[in-house]
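Asker: With chain A held as given, fit chain B onto it using these hints.
Residues per chain, in single letters:
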Amino acid sequence: GEDVEQSLFLSVREGDSSVINCTYTDSSSTYLYWYKQEPGAGLQLLTYIFSNMDMKQDQRLTVLLNKKDKHLSLRIADTQTGDSAIYFCADCSFGDKLIFGTGTRLQVFP
Amino acid sequence: KAGVTQTPRYLIKTRGQQVTLSCSPISGHRSVSWYQQTPGQGLQFLFEYFSETQRNKGNFPGRFSGRQFSNSRSEMNVSTLELGDSALYLCASSLLDRGGAQFFGPGTRLTVL
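Each protein sequence line maps, in turn, to chains A and B.
When we follow my numbering, the leftmost residue of the first sequence carries the number 1, and every step to the right adds one.
When we follow my numbering, the leftmost residue of the second sequence carries the number 111, and every step to the right adds one.
The following block holds chain A by itself, in its conformation from the complex:
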């Protein structure tokens, strides 16, 4: 079945760039998403990319998609303490069913 994998933790210094990686197995993915979850909150949609795109940039966020390797990454430029949260990668292939990764906990230290 479909599977999405992410590393569990990432720690960066404030002002540096963060890169969160994700791999997926489904060859028929149509959209890939990045969500942010803060403690006690729901999921905030950060950005998403259509499977025929290689890159998408949105202010401090850059998404790179390597469809051949089934690898997705999210780069956050100039990371701030407010970016500390759990980041989820999600794959969508069949209808609107999202398959989520385990989430990467990003910790930003001063």
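Everything labelled a hint here was simulated from the structure, so no lab data went into it.
Where is the CB? At the ideal position from N, CA and C, for every residue including glycine.
Among the hints, erroneous ones may be present.
Simulated DEER-style distance windows between Cβ atoms [said to hold, decoys possible]:
id : chain 1 : residue 1 : chain 2 : residue 2 : range
1  : B       : 192       : A       : 55        : 36 to 46 Å
2  : A       : 19        : B       : 148       : 40 to 50 Å
3  : A       : 11        : B       : 180       : 43 to 53 Å
4  : A       : 58        : B       : 190       : 36 to 46 Å
5  : A       : 11        : B       : 179       : 44 to 54 Å
6  : B       : 180       : A       : 45        : 19 to 29 Å
7  : B       : 190       : A       : 19        : 43 to 53 Å
8  : B       : 180       : A       : 13        : 48 to 58 Å
Once the Cα atoms are required to be at most 20 Å apart in a straight line, the calculated EDC-like pairs of lysine to aspartate or glutamate come out as [to be verified]:
id : chain 1 : residue 1 : chain 2 : residue 2
9  : B       : 167       : A       : 83
10 : A       : 36        : A       : 5
11 : A       : 97        : A       : 26
12 : A       : 68        : A       : 3
13 : B       : 167       : A       : 78
14 : A       : 36        : A       : 83
15 : A       : 67        : A       : 5
16 : A       : 68        : A       : 26
17 : A       : 67        : A       : 2
18 : A       : 56        : A       : 78
19 : A       : 67        : A       : 3
20 : B       : 167       : A       : 3
21 : A       : 97        : B       : 192
22 : A       : 97        : A       : 16
23 : A       : 97        : B       : 162
Covered stretches of chain B (chain A as the covering partner; in silico rule of three or more C-beta atoms under 8 Å from a C-beta of chain A) [unchecked claim]:
id : segment
24 : 140-151
25 : 212-221
Answerer: Same frame as chain A, but now just chain B:
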């Protein structure tokens, strides 16, 4: 435009009871999906509705059911609650028939004692 709203935000039930959770999508969105989030299993898809029809269902027992009304609002029901049903239940809505941005509500935190 108001976001996805879910009620109630918190709920405490005992084993064997049943519960109904409600979700109001963003105005104009016709697709509503439900997810369960637990520390052990992570985020798992429950079901998806579009125009009052269930189009997709996850791998959950029949105790979990849902429906969607003509105004796109959706409810999910869990009968005969078990301790393992304790979770954050998240609802998401989408404008498009297929794909595109999916926006989540704040969730309902269900605790089963």
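Asker: So, for every hint listed, does it hold in this structure?
Answerer: Against the structure, the hints:
Range check, residue 192 of chain B to residue 55 of chain A: about 45 Å between beta-carbon atoms, so the 36 to 46 Å window is met. Taking the beta carbon of each, residue 19 of chain A and residue 148 of chain B are about 28 Å apart, not inside 40 to 50 Å as hinted. Against the hinted window of 43 to 53 Å, the Cβ-Cβ separation of residue 11 of chain A and residue 180 of chain B comes to about 49 Å, which satisfies the hint. In this structure the supplied range 36 to 46 Å holds for residue 58 of chain A paired with residue 190 of chain B, their Cβ-Cβ distance being about 45 Å.
Between residue 11 of chain A and residue 179 of chain B the C-beta distance comes to about 45 Å, which sits within the given range of 44 to 54 Å. As the Cβ distance of residue 180 of chain B to residue 45 of chain A is approximately 26 Å, the hint placing it in 19 to 29 Å holds. The beta-carbon spacing between residue 190 of chain B and residue 19 of chain A, approximately 45 Å, falls within the hinted interval of 43 to 53 Å. Hint check: residue 180 of chain B to residue 13 of chain A, Cβ distance near 52 Å, so the stated range 48 to 58 Å holds.
With a CA separation close to 33 Å, the supplied pair residue 167 of chain B and residue 83 of chain A exceeds the 20 Å bound. Our distance criterion of 20 Å between C-alpha atoms is met by residue 36 of chain A and residue 5 of chain A, whose separation comes to about 16 Å. With a C-alpha separation of about 13 Å, the suggested pairing of residue 97 of chain A with residue 26 of chain A holds against the 20 Å cut-off. Taken as a hint, the residue 68 of chain A and residue 3 of chain A pair is honoured in the structure, with Cα atoms around 16 Å apart against an allowance of 20 Å.
For the hint pairing residue 167 of chain B with residue 78 of chain A, the CA-to-CA distance comes to about 40 Å; that exceeds 20 Å, so the pair is violated. With a CA separation close to 9 Å, the supplied pair residue 36 of chain A and residue 83 of chain A stays within the 20 Å bound. As the CA atoms of residue 67 of chain A and residue 5 of chain A are separated by approximately 15 Å, the hinted pair is consistent with the 20 Å bound. Simply put, residue 68 of chain A and residue 26 of chain A have alpha-carbon atoms about 11 Å apart, close enough for the 20 Å limit, and the pair holds.
Taken as a hint, the residue 67 of chain A and residue 2 of chain A pair is honoured in the structure, with Cα atoms around 15 Å apart against an allowance of 20 Å. Straight-line distance between C-alpha atoms of residue 56 of chain A and residue 78 of chain A comes to about 17 Å, which keeps the hinted pair within the 20 Å bound. Between the alpha carbons of residue 67 of chain A and residue 3 of chain A the distance comes to roughly 15 Å, so the proposed pair stays at or under 20 Å and holds. Taking the CA atoms of residue 167 of chain B and residue 3 of chain A, the gap is near 17 Å; set against the 20 Å cutoff, the hint holds.
The suggested pairing of residue 97 of chain A with residue 192 of chain B is violated, with an alpha-carbon distance near 25 Å, which exceeds 20 Å. Between residue 97 of chain A and residue 16 of chain A, the direct Cα distance comes to roughly 34 Å. Violation of the 20 Å bound is thereby established for this hinted pair. Taken as a hint, the residue 97 of chain A and residue 162 of chain B pair is honoured in the structure, with Cα atoms around 16 Å apart against an allowance of 20 Å. Here the segment 140-151 of chain B counts 3 residues with a CB under 8 Å from a CB of chain A, which clears the bar of 3, and the coverage holds.
As drawn, the segment 212-221 of chain B meets chain A at 6 residues by the rule of a beta-carbon pair under 8 Å; at three or more, the given contact holds.
Checked against the numbered hints given earlier, the structure breaks hints 2, 9, 13, 21, 22 and satisfies all the rest.
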